[in-house]
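Enquirer: Chain W: place on chain H using the hints.
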Amino acid sequence: MFERFSHEARHLVTTAESEARELGSPTIEAEHLLLACARLAPGTPVGSVLADEGLTHEDVREALEAERAHSLAAVGIDIGDFELPPAHTLTRPRMAANAKSALEHSLRIALSRGDKRIEPGHILLALLRAEAGTVPRALAEAGVDRLVLSDRVAAAF
Amino acid sequence: METAYQQPRDPADGLAAVVALRRLADQLEDGEVERAVRDGWTWSLVAEALGVTRQAVHKKHARRLKALGVEARKR
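Quick mapping for you: the protein sequence lines, in order, are chains H and W. Just so you know, the working numbering puts the end of the first sequence at 157, numbered straight through with nothing missing. Just so you know, the working numbering puts the end of the second sequence at 1075, numbered straight through with nothing missing.
For reference, chain H alone in the conformation it holds in the complex (with noise of 0.2 Å):
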């Protein structure tokens, strides 16, 4: 599946896993690769936009800590009222759907773009064009309008 990958798109995905593990995921999950996303270098195409946003990584973890809340809440569920454990995983996380399906649709972006190799902001537009789940709702707990940086980012590179 990673023939096509840059280096970097690798990195980002070796990132991702470092993201799922620190926190204590046993899966690699769109958010992750958002993450990794947001840890990209300013000098890099996809962190310079991402910088433009004013989008740090402390940025993308409190959306996705408050999009947390904020569903646990609509079922009436206080996630303050909770001591949770320390993170703790080492067996390797695996690719959850949600990723693969992103680094799935990243090489078909590249290649609708003509792009030969895939690069981080394929897969960074790939997670954006995601309508439902964590990657979306965190990014507008973020107030980040996902269709406006997706060209932002279409444009970078």
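Careful, some of the hints might be misleading.
The calculated label-pair distances, taken between Cβ atoms and stated as ranges, are [stated by the list, open to error]:
1) H88(H) to D1039(W): 23 to 33 Å
2) E1032(W) to A155(H): 22 to 32 Å
3) D145(H) to G1069(W): 46 to 56 Å
Quick list of in silico lysine-lysine cross-link-like pairs, DSS-like style, CA-CA up to 27 Å [said to hold, decoys possible]:
4) K1074(W) to K1060(W)
5) K1074(W) to K1059(W)
6) K100(H) to K116(H)
7) K1059(W) to K100(H)
8) K1060(W) to K100(H)
Worth flagging that the hints you see were computed from the coordinates, not collected in a lab. Owing to the predicted nature of the structure, the values given are computational and were not obtained by experimental measurement. Each residue gets a CB set at the ideal place from its N, CA and C atoms; glycine is no exception.
Expert: Chain W alone, transformed into the frame defined by chain H:
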């Protein structure tokens, strides 16, 4: 009788709650399994309590707990 639980108005919120609840359940499971094993529960008993096989609970938690220095009691 009026039910206490009100479905969120938007299914997107209801579905997102399901995702968040699954994650919360996983986190609670990690903490409770650790506590039970520290308290001397065997893997078989933990599995029975969770309604899963001993193999499943062992596969999911044994390595993590070992790294924390917690070993299940042999029976």
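Enquirer: Each hint needs a verdict: does it hold in this structure or not?
Expert: Hint-by-hint comparison with the structure:
1. H88(H) to D1039(W): 23 to 33 Å: Check failed, 18 Å falls outside 23 to 33 Å.
2. E1032(W) to A155(H): 22 to 32 Å: 49 Å Cβ-Cβ, so the 22 to 32 Å window is violated.
3. D145(H) to G1069(W): 46 to 56 Å: 48 Å, holds
4. K1074(W) to K1060(W): 18 Å, holds
5. K1074(W) to K1059(W): 16 Å, holds
6. K100(H) to K116(H): Holds, at roughly 20 Å.
7. K1059(W) to K100(H): 24 Å, holds
8. K1060(W) to K100(H): 22 Å, holds
Checked against the numbered hints listed earlier, the structure breaks hints 1, 2; every other hint is satisfied.
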